[in-house]
Every structure is written in structure tokens, then in C-alpha cells.
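Model the placement of chains B, P and Z on the given structure of chain F, informed by the hints.
Protein chains: 4
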Amino acid sequence: MFFASDNAGPVHPQILDRVVRANDGYAIPYGKDPIMDEVRDAIRTAFEAPEAAVYLVATGTAANALALATYCQPWQTIFCSEVAHIHEDECNAPEFFAGGAKLKVIPTDDVMTPEALRAAIAPHDPGDVHSAQRGPVSITQVTERGSVHSLENLRALTAVAKDYDLPVHLDGARFANAMVALNCSPAEMTWKAGVDVVSFGGTKNGCMGVEAVIFFDPSKAWEFELRRKRGAHLFSKHRFLSAQMAGYLQGDLWIDNARAANDNAAYLAQGLRVAGAKFLHEPQANMVFARFPRRVHRKLHEAGARYYLWDAKLEGNDEDAMLGARLVCDWSLSRDAIDSFLGHFE
Amino acid sequence: MFFASDNAGPVHPQILDRVVRANDGYAIPYGKDPIMDEVRDAIRTAFEAPEAAVYLVATGTAANALALATYCQPWQTIFCSEVAHIHEDECNAPEFFAGGAKLKVIPTDDVMTPEALRAAIAPHDPGDVHSAQRGPVSITQVTERGSVHSLENLRALTAVAKDYDLPVHLDGARFANAMVALNCSPAEMTWKAGVDVVSFGGTKNGCMGVEAVIFFDPSKAWEFELRRKRGAHLFSKHRFLSAQMAGYLQGDLWIDNARAANDNAAYLAQGLRVAGAKFLHEPQANMVFARFPRRVHRKLHEAGARYYLWDAKLEGNDEDAMLGARLVCDWSLSRDAIDSFLGHFE
Amino acid sequence: MFFASDNAGPVHPQILDRVVRANDGYAIPYGKDPIMDEVRDAIRTAFEAPEAAVYLVATGTAANALALATYCQPWQTIFCSEVAHIHEDECNAPEFFAGGAKLKVIPTDDVMTPEALRAAIAPHDPGDVHSAQRGPVSITQVTERGSVHSLENLRALTAVAKDYDLPVHLDGARFANAMVALNCSPAEMTWKAGVDVVSFGGTKNGCMGVEAVIFFDPSKAWEFELRRKRGAHLFSKHRFLSAQMAGYLQGDLWIDNARAANDNAAYLAQGLRVAGAKFLHEPQANMVFARFPRRVHRKLHEAGARYYLWDAKLEGNDEDAMLGARLVCDWSLSRDAIDSFLGHFE
Amino acid sequence: MFFASDNAGPVHPQILDRVVRANDGYAIPYGKDPIMDEVRDAIRTAFEAPEAAVYLVATGTAANALALATYCQPWQTIFCSEVAHIHEDECNAPEFFAGGAKLKVIPTDDVMTPEALRAAIAPHDPGDVHSAQRGPVSITQVTERGSVHSLENLRALTAVAKDYDLPVHLDGARFANAMVALNCSPAEMTWKAGVDVVSFGGTKNGCMGVEAVIFFDPSKAWEFELRRKRGAHLFSKHRFLSAQMAGYLQGDLWIDNARAANDNAAYLAQGLRVAGAKFLHEPQANMVFARFPRRVHRKLHEAGARYYLWDAKLEGNDEDAMLGARLVCDWSLSRDAIDSFLGHFE
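Chains as they are written, first to last, in the numbering used here: chain F, 1 to 346; chain B, 1 to 346; chain P, 1 to 346; chain Z, 1 to 346.
One should not assume that every hint holds.
Cross-link-like lysine-lysine pairs, in silico, DSSO-like; alpha carbons within 27 Å at most [stated by the list, open to error]:
{"hint": "1", "chain 1": "F", "residue 1": "Lys220", "chain 2": "Z", "residue 2": "Lys220"}
{"hint": "2", "chain 1": "Z", "residue 1": "Lys220", "chain 2": "Z", "residue 2": "Lys192"}
{"hint": "3", "chain 1": "B", "residue 1": "Lys220", "chain 2": "B", "residue 2": "Lys162"}
{"hint": "4", "chain 1": "B", "residue 1": "Lys299", "chain 2": "F", "residue 2": "Lys32"}
To be clear about the criterion: a stretch of chain F counts as covered by chain P if any three or more of its residues have a C-beta under 8 Å from a C-beta of chain P, and this derived list gives those stretches [as the list claims (entries may be wrong)]:
{"hint": "5", "stretch": "99-105"}
{"hint": "6", "stretch": "118-132"}
With the C-beta cut set under 7 Å, the calculated list includes, among others, these residues of chain Z facing chain B [stated by the list, open to error]:
{"hint": "7", "residue": "Glu88"}
{"hint": "8", "residue": "Glu95"}
{"hint": "9", "residue": "Lys102"}
{"hint": "10", "residue": "His130"}
No lab work stands behind these hints: they were computed from the structure.
All C-beta atoms in this analysis are idealised placements derived from N, C-alpha and C, irrespective of residue type, glycine included.
So here's chain F without its partners, still in its complex pose (with noise of 0.2 Å):
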């Protein structure tokens, strides 16, 4: 009953089964073997984008935080959710990385509207040398509350950026679930929505520790690879990431898992509706985030039940008070262990 997060689960064995074939003998180190050519040509014609400049690095912090400074000068400012993992998980990684940045962070009730987007960036004066300078903006897809923005949300923000000649980062470390869910190609949610970089995750959908970073416009291709490698990010032996990432694209696998983890989520989540638990917003992708009784949190606890509570704990007196949960699923979960977690609301 690991519902913790998605970045706990296991390898999907036909990535690990790519990463033992690659132990073969000798490769080119840093970033030159040949799986890493094969890894280049299968996201471009994924992503139907011939020209795009492919790199491979081990954390999602590490895919935003570069992807990210590379599109903005120290003096900007990063236009983000306010419960942006970049904004509250990373420590500060990509202000580091950007040399001291700025992250201004957009009130979102659930996923960032234009309207909120716009009123953010407005009052940004370009011609100001005393404020912080207009910098990238950053959409999470899927959002860190579970939401999915839909292409029409995604292209009216991309629209707002472009009005003010912005650049878009995509935060996709659940890129595959938002895909799924919205049923669309990874170009429609990406380049043809006016996405110019995006962090491609593999961690939580089935790697061991391999992101993607995706330049739509190949010419910031040298200044990344040595951000990256100024950054410590540059593998030796990186036949390894290439390997994982080379298993995870093949057959469509990283499609494969996406849609049994969504699928998990919403057997989770008509199961909890049948036992009265409350949504924070309907689930779209793998995180169903519900609220139910104190005293059905305490049975799971005890039961070995792992989640977090988002905005509550666990410790109080008042037990039918409804405590939010968040439940992520990853494609591993089976449905025994959803139905043993549900067992706990009879």
C-alpha cells in the first residue's frame, strides 16, 4: 500500500533489462554512445521534431534547473504556480542554477489560468532597470495537485508568454501521465503549444534515474551541454541513462506505464468515492488527492498504508475530521493493493 509517491517504485524490467545488455565492453563516455543516438532519433520522431537538441540527466531537478537557466539571465524572473515543484522542492536549485534569479509565484487555485498568468507578468516594467526583468515561464504538467492542463489552457498560456516574447519551460516529470489523460501526441502538448523546452521525465514512470531535456530551437544545444557539464551533470559512463531511456521509449512503453498508473489512480478513486471520500478536484492523471475521516487514516496508518497528508496531521482529537491525502499511483501498484487499501474505509 505505497502510495508515498511515484519516485519509489521499482524499474520496469524492460528498462533494467536494457541497462544489463549495455554492460557490454567499452563505450564513448560522456554522452557519445551510440544508445544515445538511438535515444536522440526516437524522441524526435516521438515529438515529431526533427531538429530538436536531446539531452539525458539523472534528476528532475537537475532537467529543470539547467533547462530553465539556460532561458533566463540572472536579473529575470521565473514565472511559475506557486506550488511549483521548482518553487518548493528543489531548494532553490533553480535560482542557483540561474544565478540568482527570481521565481514569482502565480496564486493557482487548481491550474494556472492566462488570466493569473498575465497579472503576473504585466506589471513588470521591461523598461525598468530597477525591477527584476521578464524571465521564462513555467508550466507543471501534470501540476503537483494532480491537474492536467488541458491544450486549450496549455496554448492560451504559451499565448500570454509569447506576448510578452517569453519563452516556455514544460515541467513533464509526470509528462507521460498528462499525455495519456489527455489523449493527445507529445508535439500537441508540447511545440505545437508553444512549449520551447521541456523536461521529460522517466524517474517516476518507470526509470532508474533518467530525464530528458528537449530544446525545440537546437541552438541552445552548446550552452546547455556545458551548463551541464559546469552543473556536474554530465555522466561518464552514460550509456547507462541512455540505456533507460532507450528502454523506456521502446515499444511505447513509457505510454504503456503511464496509462496503468492513470487507470490505478481511477480504480483508486471510484473506490474512494464509493466510501464518501471528498476530491480536492476530479483525478486526471495518477494523484488523486481526497479527503476522508481521521479515524480511516488512522487505520490505514497503522495498517503500513504510505501518503502524505497535504495540509493536515495526523495527530488530533476530532475523528471524523476530513484530512486530506495525497495518493499517488505508479504503474507497479496492483489492483490487490488498491482494493487491501480501500479494504480500510469499510
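For chains B, P and Z alone, kept in the frame of chain F given last:
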């Protein structure tokens, strides 16, 4: 015939096996996995340092830059060899992580001497606000030219540092190779010799991509954890770093691998000596710096041998010119490959 | 009719005279001049802080950014008002000098409340390596909206900070104006109220360009000196900064100037009140935030009055619309100029 | 008998007079004052550079660090002399402002030679992501050892830089002294010789604290303005920087002051020569590096002469030992003071 680097070889089966076996169900992320407990214990035992703070990162540059930054203020100078990896091969990562600190390079014919180190440190006036302040001393063991600091020399270098109250970092990307060459214990080559923090390499000696950072003063632990996260070097699926290091340490594999690599280098050097090559200095660990005629380089090149010329170019007319080769041997190199390499000297 | 800022007025003759008189022969550079000794003594006496470390820089942004950086690690959060100068008007200087720290802004209707400050600090979990750590609290006195924190409020804010062991910075660009408004002593508004470090403004109150940074904990002295030099803010001909500050402190000129400025603002506010203007809040120091009809703005504008509209534009059709003006009075403003300004309301 | 530095002398009356006269009523702050227009025009005329972007800051370190940062990426190397002010006397300010760039120092017997510069630049491989990339070349004119680069040498150095497409910065803290020594025009010593950006010193030559940064390529203007503000180096009461520079330029005062300083140095050198002193090299501008016996140093020291020993200590037993003195002459030095100094050689 791959002698280009020890970072291009395969992962040792025992290590890969631990990685594969680690892939079982859910594991608490971000370094709280139980395998990390095993790793911490094993390193503390091996280093006779029961209080040491032990952390894992995936690249040598991360280990070096984060370890140094923890001991360096931005207005200080890091003292290192003019051929140190941190100076020549990390694209300003140490400067980046240390917030703009300066590297002062020490001329080194072979290994850094205490006299040269003192001559570099002494002129800095700690009461002068205009010049950069004295900061940590970084020693590379094995050096980038393949030499090994004797324990006497190490102790003499750290004594100079201690005369000025400066902390000492050991870049041990090839830690095991040096230890085997010196036939000493980990403690003798580190804290007993006056070293404060070690980059303990795994990647070049049979791992996939893992280095330990070992602080003998555990009061640095929390700052390092924050720096690692902010540097985007904290892995969510950390168990796969832990598993590598656990496999590496198990049954002294790390020492066996280093011995195999050093033996390969000795065998190669002996063959080269017989063939009339000249050495930059007597090979001590797993790197051989040797000079031999251009025509032999040509033959080797055509036969597919891979290695770097360290101070010359293959192009040229003088077939008898003695060009310098850097020949790195890893644990996996076969005697057949070496013999085949040597065969081109006939 | 210049009400745009108190940083555009002339230097007080007593201060200019000290600058001119300082120009006598040679003086030891870089802050070792004898006039600095006089300044240090005068500030220590005025603040009843015989151990305080006292330094001079030439801009308010330098004072703020260097003071905060001395109390902030790069992985920490600085807590400040959403309208703080350090957030809105320093082009990421605090982030730059603090190595990439984050500013967390606190919604403030008028002055920051202890409740709002606590609500901003509390959610940070100091044991969580993922989120930025808690860092210094910065309070602006006079606020950027012209309000003055009462001593009670100041003490309540610093009590919140102390609950979390956080240091407190006071941005006192208009320190004297606040002190006069509160009719209190420098010590009461700083260390007796729980403040650790002050940016003590001179430039806006009759100096040419000088601000003092006062640390009540002298153990921060040497680090600040290094940060000041590294930030290129250490003056060689420092005597001319010292002379300004000496002239400013001499005979309590700083208090007299502030009183004159505050009296000017009170006189202006009274006239505006009679003329029917509405106030953002009751003017307390030397800034008046008032609303009056667009047609009056137009007349003033045409007559050459200089001030900022803080939330509206002069352009527009509704002549009766109440537009907000920020009217800043300095010590040098004449009653004639104010009367002339008020004359346009008739 | 003050020969310690040219940054400890008085402000020239003509400059102080302009400062005093600038103190008239209100002036638009932050560099928009009308005196700045006058300064910009005067510098553009003097440098025959009608498009140049011209800015003022208050310290030489700020001018150097901000100018270099504008031409340097954090992963690049700045090439400079091993005795350059930016390397030895700015407490890592260039590294700080350039986001962690590296300084590579070039061994210089006296002035930097084109051969030594090329030898430092050439080994960097621009396609190698591991090593720092090539960045700007910084030349100091007058050098920190008192020498003046000939126009031929300057052109040869910038030609090397241009061979590698590298920008060239001139640290002209003593710009006027060099120009007088070479009897050339400002343009000949800068853009006509291949220089891209100049730190044009005022402080050491009669100003209170002002340096101009002159970009011959105006496309760098806005970035510099943002960097200056973010570095806390934009003055609100900027007119007092402008007034200094206006007074400095008026009627070629800057040239007259430099000529006076250089003549003082020549007079001093001649006296020293007659007295048997040995020179590090023939004095060219306003600094004399001379060796004379310890016993003379003792007499001078006791008589209150102020100067630095550059490679020795006064303490010692050998009264005949030849100790090196750095003797800096400014425009204000009197012949009486020099004669009095020389009198101790008898």
C-alpha cells in the same frame, strides 16, 4: 585495445547484480533506503571512522565540487595542482558550486611538493581584505599524471595546510588504485594523514556511476545535504546508487578491481619498456605515460587502439618523433588486449 | 514641486561642508581614515551599542544586499513584505549577493503583521532538505507605502523571528523619518526591539550617497568586510563617505532633516485633506499616498509637478476618477512649493 | 612623503568645485541627470567614438568586474597578467560578478607579451565541454608594476585575442598616465588598438570616487545597466558622480593631472638614479619600482615616508640589502616632498 580512460569500461558483474537485486518493490527515496545504511556502515568500518558522514552522488565532478564548496567561502582560494581535474576538466564546476571562489594552481613537475604548496599559500595575507582569502587544499590521488603521493608526502602536504588552518580535500577518483599502490589502509591515506573530506571514486573502478563523499567531521553533514539537493544531485531512487556502492565494497571488490587495473598497467609498462618506450615517470598505479615513435602510434591508430596523446599530435612528418601517450588500464582489460597493443611495437 | 522621491534633492550644506573640508592632503584609504573613527563612535553612541560593527557603503541596495547576505545562506529564504524595496526595486541584488537565495513575500495590506509573518515562516520544515530553509526576516521602516511600524509591532515581528531563531534585518532607508514619527531612540527601534542588523540610510535624508550598515553582533564584522570588498563596494577614498556620515550625524542634523521632511508631509497632507483627497492610510512619516481626481492630476502635471502615480495612469477619459499619487517630501522642500502644489486643487 | 598609492590623495579643486556646484535643487536620479549627458558627450568626443555607451560607477573594482562580466560567461576563462589587479586585489569580485568564471594568469616578466598570451589561450579546446571555455582578455594599462604597454604591444595583444574571437578589456585605472607616457590619443590606446571595453579611471587621478566604463559596441548597454543595478552600483544621486567626471574632463584636467603625476615620478626616478638606486625597469608613468639599501629604508621609515616594500620586509639585519620599494606619485605631490624624500639618501 581501449586505453583512453577507465571511465569507459563495463560495470563489474557483482555490482550490476546488486543493482538488479535492488529492484524489488518500493524503497524510501532520497537516501533513506536501507542499502544506504549498509553502505554507510561499510565505509565507516573500512575507514575506521565510526562518526564519518557518508553521502553518494553520481559523478566525480559533483563529489569534488560539493565537497570543496562545503569547505570554501566564495572569497577564498582553493589550492590545487596545475593539472588537477578540478582545474582542467570540470568546466568551472568548483567555482560555480563555491559561489565564485578562485583556484590557485601550483606548478607540479610530478606530484605536488610541500614546498610548492607552501609557496602558493604563504603570500596570501589573511588580514588583507583586497586579496582572496586562503581556502581549502585539494590533493589528487592518483594524480592526473598517474603518480601516487606517498604517505609521507601526503602527510607533509596536509601539515602545510594545517600550519595555515586550512581544510584538506582528497580527490580520490582513483582512490583504490592509489591505496593498492601504497599498500596502505583507507584510514592511513585519509584522516590519519590529515585529510578532512574525500571524494571516494567508484565509477572509474567498476561502478556504473557513483562516488562517495566522506566527511570525517560529521558537523558538515547537514550543509552538505542541502548543497547536494540544491545542486540537483540528490537521487529519488537513491537505492540504485546505494546498490552500486554496496556491490563495490562487498568482499573488497573495490580493492581487487584496483589491483587488477594496476597489474594491467604494470604489465603494459613492462612491455613498453622492453620495446624501448620512454616514461614520463615510473608507472605506479593504473596509468602509463609513455613516449614512443610516431610510426608506432600510426600503426596502433590504424589498428583501432584508443588512447590520448597528451602533448602532441599524430599528424606530422617526423616518423621517429617520440610522442607521449596516456594509457589508462581498467580492471576489465585483458592481457590479450595488452599483448595485441604491444604487438604493434615489433 | 518635486515630490517624486527623496533621492533627488540636494545635499545639506553641513554635509557638503564636511566633504569639502575632508579634502585635505593624504588620508589612509579603504576605511582606515580618522573620520571613520569619528563616525563609528558617533553611531555606537547614538545607538547605545558600544560593540557594534559599523560600515559605510554608497547605495541603499548595497547596504541591504550585503547585510542580508551576511545573515543568509544560499539555500535559505528571506522573508519580506510583498512591496519591500529588496523585492521590487533592486533587480535581484539580494538574490545575487546571497548566492541565489529566495525571497518569500508576505502579503501586506499596510504594515506587515506578526500573524502574516508567522504564516509565511511556519510551513517551512527545517528538516526537509527539499524546500528552501528558513532565513532572515527583513522589515522596512518606513515601509514603501509610507507607514511606520510601531515599536509594539516591530517587537512582535522580531519575536516571531526569534521563535524560529531567525535573524532580523531592518531596511532603514528612511530610518530617521520613522524614528521621528515614533519619537523613540535609535536603540529602541533596533536592538532593543530585536533587530540584528540595520541599513541606516543617509542618502534620502540629505547626504550625497552614503548608508551605514550596523551589526549589533560584531562577530559578523570580518565577513562583511570581505563581502563588501568582493562586491566592489569598498571605497579607496573612503574619507568622503565618512565625511558625509560625520556631517549627517553632527549636531543631530539627521534628526532635524527627518523632522523637516515629516513636517512637510504633514503640512501637505493637511492641505490635501482640506482639498478633499482620500488617503491610502494616515500619513505618518515623509510620504503621502493620496487619491484625487484625474483633472487635478492633469493640472499639476501641466504645471510641472513631479510625482509617481502608484496604481493608475494619467491617460484616460474619466476626469473625476480618483487616481493615487505617491508624494514624497524631503527636508529641502519649501512651504512655497507645497502651497503652490496645493493651489492647483482650487 | 606619501608614495603609498595614488588613491589616497586629495580631490583636485576643479573637480570638487563641480561637485559643489552640482548641488542645486532637484535632479533626476539614477543617471538621467543632465550633467551625465555632458559627460557622455565629452567622452565620446575625446575617444572619437560617437556611438559609445558610457556609464559611471564609483570604484575601479566595480568598473572592472562589471565590464568583464558583460563579456564573459560563467563557464569561461578570463586571461590576465599574474599581477593584474583583477586577480590579486579584488577579493574574487571578477569571479563573483561573472558568475564563477575562472581567471587564468599569464606569467609576465614586465608587460604581457603576445607570445605568452597566445600560449595561455591556445591549449583551450573550444569543442571540449570539460574545460573552461575561452573568454575575454584583460590588459592593465599602466601595469601593476608601473610599465606601459606600447601601442605596438597593445595591438599585438588584441590581435591574438581576435585570432580567437575573444573580446578585450582594458583596465585603465591609470589610463591617463599611460596615455601621457605614450603621447597618444584615447582612441589610439583603445578601439583603434582593438579594445572593446575600457575601465577609464578617475579616482587615482584627482577624482573623489568615479570610474567610467566605456563600451565601443553600444549593443552591450542595456545588459550593463541591469548588471550595474543588480550589483548595487547604480547611484540615486548620480549627479555627483557625473559632476566629478565632468570636472575631470573639463579643459583636459585629466591629462594635466596625469602629466603632473608622471613628471613627479620622472623627477623622483632621476633623483633615485643619482643616489644609486636600481630599478625594476625604467619608470614610464607615475610609479617607480626601485631598490635601495635597507638602511635608507629605515631612515625614510623613521622620517614618516609612506610606501610599500613590494618583495621584502623592513625587518632584517643586513643593512646593505637592496629592498624593493613601490613609489607611487600622484598629481598633487610637491617637489619639496620628493626632495625631502631624496634627502634621506645622502
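Violated hints - listed by number, lowest first: Every hint satisfied by this model.
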